[in-house]
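Colleague: Below, each chain spelled out in residue letters.
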Amino acid sequence: MSVLFILIIVSLVVAAGFLVAFIWSVKNGQYEDGYTPSVRMLFDDELAAKNKEDI
Amino acid sequence: MLKTSIHSSLNCYHCGEVCTNETIVFDKKQFCCEGCKTVYEILNQNNLCNYYNLEQTPGITPPKNLSKKFEYLESEPLIDKLLDFRDENTSVVTFYLPQIHCSSCIWLLENLYKLNADVNSSRVNFLKKEVKIVFSHQNLSLRQLVELLASIGYEPTINLNDLNNTKKKPIDRSLIFKLGIAGFCFGNIMLISLPEYFGLDGIKESHFAKFFGYINILLSLPVLLYSASGYIQSAFQAIKHKTINIDIPIALGIFALFFRSVFEIITHTGSGYLDSLAALIFFMLIGRIFQQKTYDILSFERDYKSYFPIATTIISEDNIEKNIAVAELNVGDTILIRNNELIPVDAVLVKGPANIDNSFVTGESNPIRKEVDDKIYAGGKQIGQAIQLKVIKKLSHSYLTQLWNDEAFTKADEDKFEGIMTKMSKYFTIIILFIAFGSMAYWWNIDIKTAFNSFTAVLIIACPCALALSAPFTFGNVLRILGRNKFYLKNASVIEKISKATTIVFDKTGTITQSSKSNITYHGTALTKEQKNQIASVLRQSSHPLSKMVFNSIPTVEIIEVEEYQELIGKGLMGKINQFSIQLGSEKFVKNVAESSSKATRVHVKINDDYLGYFQLENSYRNGLRSIIVKLSPFFKLNLISGDNDSELDNLKSFFGNTSEFLFNKNPEEKLEYIKSLQQKGEATLMIGDGLNDAGALKQSDVGISISEDVNTFSPACDAILDAKVFEKLPNFIGYCKSSITIIITSFTISFAYNIVGLLFAVSGMLSPVFAAILMPISSITVVVFVTLATNIVAKKYQL
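Chain order of the listed sequences is G and Y. The numbering of the first sequence is this note's numbering, which starts it at 2 and goes up by one. The numbering of the second sequence is this note's numbering, which starts it at 1170 and goes up by one.
You may find that some hints are simply not true.
[What the hints assert, rightly or not] If we take Cβ atoms under 10 Å as the criterion, some of the chain Y residues that face chain G in the derived model are:
1. L1223
2. I1275
3. I1729
[As the list claims (entries may be wrong)] Calculated pairs, SDA-like style, for lysine to any residue (alpha carbon to alpha carbon, straight line, at most 20 Å):
4. Y:K1298 to G:T37
5. G:K28 to Y:R1292
6. Y:K1301 to G:D34
7. Y:K1297 to Y:N1328
8. Y:K1298 to G:Q31
9. G:K28 to Y:D1253
10. Y:K1379 to G:G35
11. Y:K1297 to G:T37
12. Y:K1379 to G:V11
13. G:K28 to Y:N1294
14. Y:K1297 to G:R41
15. Y:K1297 to G:S12
16. Y:K1250 to Y:N1328
17. Y:K1379 to G:L5
18. Y:K1297 to G:V11
19. Y:K1283 to G:R41
20. Y:K1379 to G:S12
21. Y:K1298 to G:M42
22. Y:K1283 to Y:T1207
23. Y:K1301 to G:Y32
24. Y:K1301 to G:V40
[Unchecked claim] FRET-style restraints, in silico, Cβ to Cβ:
25. G:L5 to Y:L1344: 33 to 41 Å
26. G:V14 to Y:L1344: 20 to 28 Å
27. Y:F1428 to G:G18: 52 to 60 Å
In case anyone wonders, no lab produced these hints; they're calculated from the structure. Note that this is a predicted model, so its numbers are computed, not measured. Even glycine gets a Cβ: it sits at the ideal position worked out from N, Cα and C.
Working from the sequences, and respecting the hints, build out all of it.
Modeller: This is the structure:
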């Protein structure tokens, strides 16, 4: 059962990793503009299709 | 595809406007003007015609005559202020482009680098209508960049305000971080406390209990020190200022929870309440975030700086035109104002005549004619040919700017408003402290340990978590529901202020009337179809706003060639069609009389020598005005204040009845004073206005609602923005705000009921950690569920 000591600490470190990732993503402004990326994503598709035609 | 070709055969391929005057055919496509064609050419050359595939006719007609307009962007100090960032090679700039309206716009603006290789990258924020451009300034100056944008129809809006807040405020995300950390700690403390919940006695005895306890303390430290810091600081502030707020019992509860738990864990007498502590703070932070609903895209704090241009054309002594920043204008300078440009400072007309549209400042909708040597106040817009003016006051001393020096604008933004929460918490805190000390005193002589236990238990259980949640969730929900119905409030306290209003003051022009639309009626000898065509043909020659309005009011016309056309500014129009000579214009001009017989705006008609009659412009009132007044008048005093003349008084009386006050010909300061005088009489005022001329009154008023046709572009400083389309629903909005206060009071009652039950356990010293861990979330959840359901049901009742 002593392995629990290590496991709990490991699980906390993993969870803390996700916490850091969350804070980083907020700081990075990933939640700032919820609309434009959804439109931008569609452009890339269209451009790719066009390039294929060109080839 | 077929559909497209039909569509483009009638409308401009670029902007979608109907091609009326001239149709330019280029590349088998039709364009309404040279500007649109040029944009198409630019895009076509650079293989950017995908722009037209994404959306139908997405284009914006570019402005004419750009040659000198952006000259001021060459000035170094100005560039410094406009740029977000600059190093040796690259610059970063953010422009506000109100023209952004569809996905084609995003696509084109983000492909700007294809048009000019010196643009490194560009990124659009669609909701804010902003584009952030990174460019190498060694090859491409800021001016060239702006001209590039303008040439494809996206002319950036650069105004005085951009120069003032040089560094944009960083967005405050601390609440989100606090919530994230509280959530993380809450989850893990719960997980580690699981054995405790199931009462696994074997574990309790072992060294695990100690280990779990210490880990819990470790995890609760960031919650106490960081996530809860807002509540603790605010409690200390309140004590410092010798006031009581809701955060004092919260902070007491937090400290009681933490120190009692640490004590229990260290002395191995129990497992503590750290899970409750983390849960409490987590829930309360959710409430805060919920209430913090902000409409980033909307600006509630605009003053004159947002309207004024940053530069104007100055004419030096040797007659050279130069662009200069408005702030640098000196008394005695001569400035040139072109058609549709704003006059930035108080000035005297040197070369005219001028035709000033003061709708911005006074609300008067019809242009006023000014002669040479007349004084013209800042804020007016010239309509017609270019004029020259001599500056008589610097920008900071101008009439309009002075308005902003009124105390209504200098008073600190800090809200002195005492909300329902503050009032409740005063009594609450005193009662709780009384009970806590009372129960400690009772147990003191019987058992000291129980005395401390019951003292901390009272503070823990009475921690007004549910109380602190009900207002944020109610107000948050109300803000969201109102926002969905296009009524945007600046913050939650506006809801309470609306619910307390006793008097509603309406502005006239643009508020209860539609600024863009007027009812035009013809009075006099009936016109034949031929006469109508003749009148319309003459009107069509003129760019005067009145001519355009009257022209648009004449249905289906045939345009005839006009000879000897003359436009006499400030008087009217003349023209010859076949053997008929047509005169249109003011009464003085057409009838040759000295004085006008009416204050109403009229366009008189004379064909040959026969006076036929006149077209009268009547304000067109917004739909539903009558029903709004009927619904509001039993509950509020309704008054009207206008910068316009009283020509519509009779009409207005039929709407408002005789009990209302009507004030006409009021300038912005007088409007502000009027609101002040109402407030001194003890009225809580709610002002509804639109233009810059109402800005002072809106700010002074307890609640200032600005009505706007396009919420993104045009609104003075205010507490709330109402989309003109939902003007009819105003009584519903006000009623809903009132009901929300009732909802909050009901939810307070529920939360008190829980508190009383918990307190009975606490004073008797029987509070167990599990009981606390269950009761506190349940009371919070009940309150949150209740207010969420109630706000939605009541919203349905008000048809929102």
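Colleague: With reference to the structure, classify each hint as holding or not holding.
Modeller: Each hint tested on the structure:
With a least beta-carbon distance of about 8 Å to chain G, the hint placing Y:L1223 at the interface is held under the 10 Å criterion. For Y:I1275, the interface hint holds, the least distance from its beta-carbon to any beta-carbon of chain G being 5 Å, beneath 10 Å. With a cut of 10 Å, the hint placing Y:I1729 at the interface with chain G is violated, because the nearest CB-to-CB distance is about 48 Å. Restraint check for Y:K1298 and G:T37: satisfied, since their Cα atoms lie roughly 10 Å apart, inside the 20 Å limit.
With a C-alpha separation of about 18 Å, the suggested pair G:K28 and Y:R1292 falls inside the 20 Å cut-off, and the hint holds. For the given pair, Y:K1301 sits about 13 Å from G:D34 by alpha-carbon distance, which is consistent with the 20 Å threshold. Of the supplied pair hints, the one linking Y:K1297 and Y:N1328 holds, its CA atoms being roughly 16 Å apart against a limit of 20 Å. This hinted pair checks out: Y:K1298 and G:Q31 have alpha carbons roughly 18 Å apart, not beyond 20 Å.
A hinted pair counts as satisfied when its Cα atoms are at most 20 Å apart, and G:K28 with Y:D1253 qualifies at roughly 18 Å. Distance hint between Y:K1379 and G:G35 is unfulfilled; the C-alpha atoms sit about 46 Å from each other, more than 20 Å. Only pairs whose Cα atoms come within 20 Å are accepted, and Y:K1297 paired with G:T37 is accepted, the gap being roughly 10 Å. For the suggested pair Y:K1379 and G:V11, the alpha carbons sit about 18 Å apart, so the restraint of at most 20 Å is met.
Distance restraint check for G:K28 and Y:N1294: the Cα-Cα separation of roughly 17 Å lies within the 20 Å cut-off, and the hinted pair is therefore satisfied. Only pairs whose Cα atoms come within 20 Å are accepted, and Y:K1297 paired with G:R41 is accepted, the gap being roughly 15 Å. For the given pair, Y:K1297 sits about 41 Å from G:S12 by alpha-carbon distance, which is inconsistent with the 20 Å threshold. In summary, the hint linking Y:K1250 to Y:N1328 is supported, as the alpha carbons are separated by about 12 Å, within the 20 Å threshold.
Among the hinted pairs, Y:K1379 with G:L5 is consistent with the structure: their alpha-carbon atoms are about 13 Å apart, no more than 20 Å. For the suggested pair Y:K1297 and G:V11, the alpha carbons sit about 43 Å apart, so the restraint of at most 20 Å is broken. With a CA separation close to 17 Å, the supplied pair Y:K1283 and G:R41 stays within the 20 Å bound. A hinted pair counts as satisfied when its Cα atoms are at most 20 Å apart, and Y:K1379 with G:S12 qualifies at roughly 18 Å.
Note on Y:K1298 and G:M42: the hinted pairing holds, with a Cα-Cα distance of about 18 Å set against a maximum of 20 Å. Between Y:K1283 and Y:T1207 the CA atoms are separated by roughly 17 Å; this keeps the pair inside 20 Å, and the hint holds. Of the supplied pair hints, the one linking Y:K1301 and G:Y32 holds, its CA atoms being roughly 17 Å apart against a limit of 20 Å. Between Y:K1301 and G:V40 the alpha-carbon distance is near 17 Å, which keeps this suggested pair within the 20 Å criterion.
Separation of G:L5 from Y:L1344 is about 35 Å and conforms to the stated range, judged on CB atoms against 33 to 41 Å. Between G:V14 and Y:L1344 the Cβ separation comes to about 26 Å, which falls inside the hinted range of 20 to 28 Å. Remark: the range hint 52 to 60 Å for Y:F1428 to G:G18 is contradicted by a beta-carbon distance near 31 Å.
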